[in-house]
Amino acid sequence: MSVLVVVECDGGEVKKSSLEVASYGSQVAQMLGTTATAVAVGEATEANLAKLGEQGITKVLYDSEPRLKEFVNGAYTKLIATAAQKEDSKLIVLANSNIGAAVGSRLSIRLEASLATNVVALPQTEGGSFVVKRGVFSGKAFADVMLEGDRKIIAVKKNSIEALHEEGKTAQVESFSAQLTDADFADAPKEVVMQDQAGGVLLPEADLVVSGGRGMKGPENWNLIEDLAKALGAATACSKPVSDVDWRPHHEHVGQTGITVSPNLYIACGISGAIQHLAGVNSSKVIVVINKDPEAPFFKAADYGIVGDVFDVLPKLTQAVKELN
Amino acid sequence: MKFLVCISNVPDTTTKITFTPDNKEFNKAGVQFVINPWDEYALTRAIELKEAQGAGTVTVLNVGEADTEPNIRKALAIGADDAIRINAHPKDAFFVAKQIASVAKEGGYDVILMGKESIDYNGFQVHGMVGELLSIPTVAPAMKLDMSGNTATLEREIEGGKEIVEVNTPFVASCQQPMCEPRIPNMRGIMTARTKPLKVVEPTTDAPRTEVETFALPPAKQGVKLIPAENAGELIKLLRNEAKVI
Ligand SMILES: Cc1cc2nc3c(=O)[nH]c(=O)nc-3n(C[C@H](O)[C@H](O)[C@H](O)COP(=O)(O)OP(=O)(O)OC[C@H]3O[C@@H](n4cnc5c(N)ncnc54)[C@H](O)[C@@H]3O)c2cc1C
Ligand SMILES: Cc1cc2nc3c(=O)[nH]c(=O)nc-3n(C[C@H](O)[C@H](O)[C@H](O)COP(=O)(O)OP(=O)(O)OC[C@H]3O[C@@H](n4cnc5c(N)ncnc54)[C@H](O)[C@@H]3O)c2cc1C
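Going line by line, the protein sequences match chains R and U. The numbering used here runs 30 ahead of the 1-based position in the first sequence. The numbering used here runs 126 ahead of the 1-based position in the second sequence.
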């Protein structure tokens, strides 16, 4: 019985969030006195999969079926279920992504497993029970949840677990076939359209985020946000009203009704800090607020703040980053 | 075409979250409950599609106790034709999914729409579970949904982009912006909602698979360190040397 970890790959690389998932899985495996096996989905290279040894993974199963490069719910679910059977896994760990959570919920029914999504910490396993901490109320609180039954699935929230890096350790990569048929690919997408990411950093995966609100006054001023983001290697984001009026695309909208981010650094520029906005960003490790109104509620949730005009402050910050590098 | 729209009853987005003194339950005192914001997209889109087809029904479904009925009536006022309430405390996502699947099976719905996730327990899982329980596809989260005959074309959000997905009925989709402009009830809707059928059904005997032991609030911030605007560059040094995040 090993812990099964689902790692998502993209363009040959293992996604950063999946390095965290792998580290989570191997640490739980150690707690339970077993090993962690990974099953890879997406486009991977054997060399990068072998490097999952650094995150404590012993073995990686890889099905080279080319149609698995893109997410197909039916096929991914069957692939992982087959791997779980082969490994006799009672615990499956995946990323709390649009892939991981979608597959996890189907698997929980198919494998009769209990499921916790949005998990932020390693489990407590005293006395034979299994309790995980998960984010609830859109980032405003946490709940300790007991998972019942002898099969369990956990979806781990990004940036809540430190990835392990044990230099030089390698995992054994094993080819594996889930015997997928055309029927398993019936819900394959017709087309995949990727957005142009400013600076090439994906918001959900980003460590650093620069975000703008209505205080930016208009889309023509976003170069100030983009320049700072580019200098830092950060992704860009925005508040809801900004995407509602199409100053920025919808996928950049963070908050209770947008996406939740938990980067190491979130810089809020001209955003007031409404409760619905905070809900999506308050698990960021460090929050910086730039606002000309010293009474803006966002300052209460911030670690660092500048009371000032974004049009004056942002160029100075960009300049300072360039000087530092 | 028969649409089933699942709505969850959640604390208003401005709610300050607190718990009972033993931290075992969410403190509902003084809290206003609303239709889960994402479920409003599902509801409005179902009504729009029904109107475009010129025929069909939109049924709203909630798993909840009698205190959710004001929001069920609100959904009827927005334009649903009838409603079902499964009379149970929604203990966890698995329990809720089992209830929805049992109603869906019996009712023979063509399209089952939900929200992306509940803003209280943030599961993002009921739609996947229901799809699997009924052995039909789930598209989650969907930003766009169009129907032509029995075929739906959806845009599914993925990290950094979108997928165009085509599925035939029956299917499940979980909805989010910018699918439509959620409607609000008008006076006529509110009047007619009172007499629209709301059926109360007893739950199945399925047991939940998870249980909340305790709740906790995030640790409070230490307080903000202010840097004078003239000296903005100092912030970058602090982020490198003190916070060590860049
Ligand atoms: C059901 C519901 C769900 C919602 N979900 C979300 C959500 O997911 N995400 C979200 O963001 N919002 C959400 N909202 C909206 C939220 O309530 C706020 O309206 C919104 O976050 C405000 O956006 P803002 O801070 O950009 O704009 P404002 O509140 O208008 O704030 C602009 C700020 O910019 C400052 N400013 C102005 N000019 C300058 C300048 N030159 N230099 C520096 N500062 C300046 C002002 O002092 C002000 O604080 C939701 C609301 C509801 C009702
Ligand atoms: C400890 C605890 C206490 C709770 N107390 C209450 C309570 O007092 N009142 C209450 O109403 N709920 C309560 N809930 C239930 C909760 O609101 C959800 O209904 C359920 O747990 C599923 O949540 P989720 O986040 O996994 O759903 P998600 O998977 O995030 O939801 C996705 C979609 O499924 C649909 N959906 C979810 N829940 C329901 C539902 N109940 N009925 C119909 N459709 C639904 C919606 O379309 C939603 O957008 C409680 C849950 C827990 C764990």
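Hint data in this document are derived by calculation from the structure and do not stem from the laboratory. All of these numbers come straight from a predicted model, not from anything done at the bench. Some hints could be false.
Among the chain U residues that face chain R by a calculated CB cut under 8 Å, a handful are [claimed, not checked]:
#1 Gly-156
#2 Phe-159
#3 Tyr-247
#4 Arg-366
Going by beta-carbon spacing under 10 Å, a handful of chain U positions derived as facing chain R [to be verified]:
#5 Phe-220
#6 Pro-263
#7 Ala-266
Virtual Cβ for every residue (Gly too), placed ideally from N, Cα, C.
Evaluated hints:
Hint status for U:Gly-156 relative to chain R: violated, with the closest Cβ pair at about 15 Å, above 8 Å. Taking 8 Å as the C-beta cut-off, the interface hint given for U:Phe-159 is violated, the closest approach to chain R being about 13 Å. Because the smallest distance between the Cβ of U:Tyr-247 and any Cβ of chain R comes to about 6 Å, under 8 Å, the interface hint for this residue holds. Evaluation of the U:Arg-366 hint against chain R yields a held restraint, the C-beta minimum of about 6 Å falling below 8 Å.
Taking 10 Å as the C-beta contact cut-off toward chain R, the hint placing U:Phe-220 at the interface holds, the least distance being around 7 Å. Interface hint at U:Pro-263: satisfied, since its Cβ lies 5 Å from the closest Cβ of chain R, which is below the 10 Å cut-off. Given the 10 Å rule on beta carbons, the hint for U:Ala-266 holds: about 5 Å separates it from the nearest Cβ of chain R.
Checked against the numbered hints listed earlier, the structure breaks hints 1, 2; every other hint is satisfied.
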